[in-house]
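Could you put the whole structure together from the sequences, leaning on the hints where they help?
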Amino acid sequence: MTLQDQSLVDNPSLLNVAKLPASRRAFLKAGAAAGGGLLLTLTVPQLVKAAAGADSGSASTLNAYVTIAPDNTVTIMSKNPEIGQGIKTMLPMLIAEELDVAWSQVRIDQAPLDPVKYGRQFAGGSQATPLNWDPCRRAGAAARQMLVAAAAAQWNVPASECTTSEGRVLHQSSGRLVTYGAVAEKAAALPVPNLGKVELKDPKKYAIIGHSVPGYDSPKVVKGEPLFGIDHEVPGMLYAVFQKCPVFGGKVVTANVNDLKKLPGVRDAFVVEGGSDLHGLMPGVAIVADSWWRASKAREKLQVTWDEGATAAQSSEGFARQAAAFRDQPPQNSLRNDGDVAAALSQAAQVVEADYHYPFIAHAPLEPMNCTAHVEGNKVTLWAPTQNPGPGRTLVAKTLGLDESKVIVNMTRCGGGFGRRLDSDFMAEAAWISKVAGAPVKLVWNRTDDMQHDFYRPAGWHFFKAGLDGDGKLMAWQQHFISFGKNGNYARSANMESTIFPAGRVPNLSMGVSLMPLGVPTGPLRAPGSNALAFVFQSFIDELAHKAGKDPLQFQIDLLGKDELLPGRGVGFHTGRARGVMEKVREVSGWGQRTLPARTGMGVAFYYSHLGYFAEVVEAAVGNDGQIKINKVWAVGDVGSHVINPTAAENMAQGGVLDGLGEALNQKITIDKGRVVEANFDSFQPLRLTQAAPVEVHFVTTDNPPTGLGEPPLPPAIPALCNAIFAATGKRIRSLPIDTALLKA
Numbered sequence: 016m017t018l019q020d021q022s023l024v025d026n027p028s029l030l031n032v033a034k035l036p037a038s039r040r041a042f043l044k045a046g047a048a049a050g051g052g053l054l055l056t057l058t059v060p061q062l063v064k065a066a067a068g069a070d071s072g073s074a075s076t077l078n079a080y081v082t083i084a085p086d087n088t089v090t091i092m093s094k095n096p097e098i099g100q101g102i103k104t105m106l107p108m109l110i111a112e113e114l115d116v117a118w119s120q121v122r123i124d125q126a127p128l129d130p131v132k133y134g135r136q137f138a139g140g141s142q143a144t145p146l147n148w149d150p151c152r153r154a155g156a157a158a159r160q161m162l163v164a165a166a167a168a169q170w171n172v173p174a175s176e177c178t179t180s181e182g183r184v185l186h187q188s189s190g191r192l193v194t195y196g197a198v199a200e201k202a203a204a205l206p207v208p209n210l211g212k213v214e215l216k217d218p219k220k221y222a223i224i225g226h227s228v229p230g231y232d233s234p235k236v237v238k239g240e241p242l243f244g245i246d247h248e249v250p251g252m253l254y255a256v257f258q259k260c261p262v263f264g265g266k267v268v269t270a271n272v273n274d275l276k277k278l279p280g281v282r283d284a285f286v287v288e289g290g291s292d293l294h295g296l297m298p299g300v301a302i303v304a305d306s307w308w309r310a311s312k313a314r315e316k317l318q319v320t321w322d323e324g325a326t327a328a329q330s331s332e333g334f335a336r337q338a339a340a341f342r343d344q345p346p347q348n349s350l351r352n353d354g355d356v357a358a359a360l361s362q363a364a365q366v367v368e369a370d371y372h373y374p375f376i377a378h379a380p381l382e383p384m385n386c387t388a389h390v391e392g393n394k395v396t397l398w399a400p401t402q403n404p405g406p407g408r409t410l411v412a413k414t415l416g417l418d419e420s421k422v423i424v425n426m427t428r429c430g431g432g433f434g435r436r437l438d439s440d441f442m443a444e445a446a447w448i449s450k451v452a453g454a455p456v457k458l459v460w461n462r463t464d465d466m467q468h469d470f471y472r473p474a475g476w477h478f479f480k481a482g483l484d485g486d487g488k489l490m491a492w493q494q495h496f497i498s499f500g501k502n503g504n505y506a507r508s509a510n511m512e513s514t515i516f517p518a519g520r521v522p523n524l525s526m527g528v529s530l531m532p533l534g535v536p537t538g539p540l541r542a543p544g545s546n547a548l549a550f551v552f553q554s555f556i557d558e559l560a561h562k563a564g565k566d567p568l569q570f571q572i573d574l575l576g577k578d579e580l581l582p583g584r585g586v587g588f589h590t591g592r593a594r595g596v597m598e599k600v601r602e603v604s605g606w607g608q609r610t611l612p613a614r615t616g617m618g619v620a621f622y623y624s625h626l627g628y629f630a631e632v633v634e635a636a637v638g639n640d641g642q643i644k645i646n647k648v649w650a651v652g653d654v655g656s657h658v659i660n661p662t663a664a665e666n667m668a669q670g671g672v673l674d675g676l677g678e679a680l681n682q683k684i685t686i687d688k689g690r691v692v693e694a695n696f697d698s699f700q701p702l703r704l705t706q707a708a709p710v711e712v713h714f715v716t717t718d719n720p721p722t723g724l725g726e727p728p729l730p731p732a733i734p735a736l737c738n739a740i741f742a743a744t745g746k747r748i749r750s751l752p753i754d755t756a757l758l759k760a
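Numbering of the sequence shown is given in the numbering used here, commencing with residue 16 and proceeding in unit increments.
For the record, the hints were derived by calculation from the structure and aren't laboratory data.
Any given hint might turn out to be false.
What the hints assert, rightly or not - FRET-style restraints, in silico, Cβ to Cβ:
#	residue 1	residue 2	range
1	Arg703	Leu215	45 to 51 Å
2	Glu391	Ala174	37 to 43 Å
3	Val692	Asn646	29 to 35 Å
The structure presented is a predicted model; accordingly, all values stated were derived computationally and were not measured.
Beta carbons: idealized from backbone N, C-alpha and C, even for Gly.
Here it is in structure tokens:
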């Protein structure tokens, strides 16, 4: 994700178009569509860059195209990548609602990469809803206003006497009615309304927003019709595999490429010199064949001598030893200091200490990295399952020495992303191989490539010490975070903010960090940072509640204190919204109201992530053999005033919870001699069907702008499960993934 994207997430109040000055408001351009009808283009000049150090001189635009045909069908272009989050359906819903058309009239097309027309096109950070909620609705409302004006002029009546319904304009007193398609061309010639002043619908009259709509592509997914990058084919296409050094950053010394060229079906084999940027084209050996199977079989006969480089000296065991050595040393850098922690700890009635650890994790999407590329002279066309096509185009252009205007990116549906497809290394590889091979090439990674050449969620270590007073109230909090980076700069996605709860609610609090150098590439994984930090913070707070002899859910609510907005990521952390989801999850789960069987327990956790608030309760049973059975999960979310597509929202929340449970139960990436040990789903397991549990989802609506759902449901699931295991067994989970051998009776 770029700094620009993050600044918009951190300042969602800037997304209200109506409040922008006229010079910065979204505006529409109207014209005739091919074949007749109305073509509307929505443009929103860049709002601002709020992040420190951002360059305020650059610009970003958001565009949405609406085409109304004479037959009254409405085609809406979906500008962002579809990675399974339902964005291809949700964004058009916003426009269609205010346009006042029947959903059955709507057709949706996936837009190609075109930043001039569409601005930033990406999927990440749960930003689609906050970025598009206001502009897309206003685009629909403005289009409706133009169509009404065209019909009123045709009838020679005031526009105020006309209403709309399901793609038609009605004049109530005369009973006249006309379809949008019949007046679309006339509307295209009218002045375009000021988007900041168009009248939006009363939410009570919503007929699409807040109503469940099936995913637009779901029938094709169910039928197995070609949609994904791995499905794409072009005439004359060859297939490629690409072998990189198993140690990150390693280089090719020798390779038997001439032997490989003699194998059946192999068209070419060659060494790629590459560079040193782990996020770009790295050194390796490319094999091109007339089928992927033949390329893959030829790879089995590849013999390479590697210069493995300095990272070969790094390992998970080595990192753990370094972290342990840091434990009792002062932190290299201070993140926050409130009050006098040392004095408060010396006066505490109870002092509680705990050490927590979480491992590296891979993204492991079901569809491995792939890209089809066709380089023709100074032009390259790509078909890619990417979350971030703009930076992908930039990387390909730089790699091939082309102007960006010569790179065309067509977005295919992604078979999962979770942050991995924010990087574009696979696009650069496909383009380079196509250039050398002189033909269109589909590059497909195998599962081992995907597992062992990822940008991993960083591991981390947290050393806690906290003090409770005689009444069990938290009075002191001391934390030493061991992470990765150098010269005071974090490795990618390895940071921790100083505003994480309970910061601001403990009078004496200190947070410090020490960094270790890292040669392993890292990057954002679903709910970046939060997916790991929720585990350690919410588990340790649960420990403190039990040490204080308090109910863990009530302990958290009491710690939240009065309702107010505290500094934090985005618009800040609102204690009242956190309290709201905690109270609701207590109600729906029957917290504290049921007698549970032996070795069965309930655990609770909440977290604020990507502008959304989620509280979750897990009920889990632990057998005498240590095996865990999750009976049920209750999840309550506050994502603002509207849940745009309820069924999709419920599915997204359920998926996030189950994803988190899978991470807690099964997932770990081990580094040994600078390379990843795990190679497939047998050693890095997704959640098994036998491990999944029913997830009951509820939403609390509040008077706040709607926000996204891709990430907020995941973080609380992990500590809620760990806290349930403690309630069932009395044994604390302080390291992930959960070691069931330690839970035996």
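Results for each hint:
no., hint, result
1, Arg703 / Leu215: 45 to 51 Å, "46 Å, holds"
2, Glu391 / Ala174: 37 to 43 Å, "51 Å, violated"
3, Val692 / Asn646: 29 to 35 Å, "33 Å, holds"
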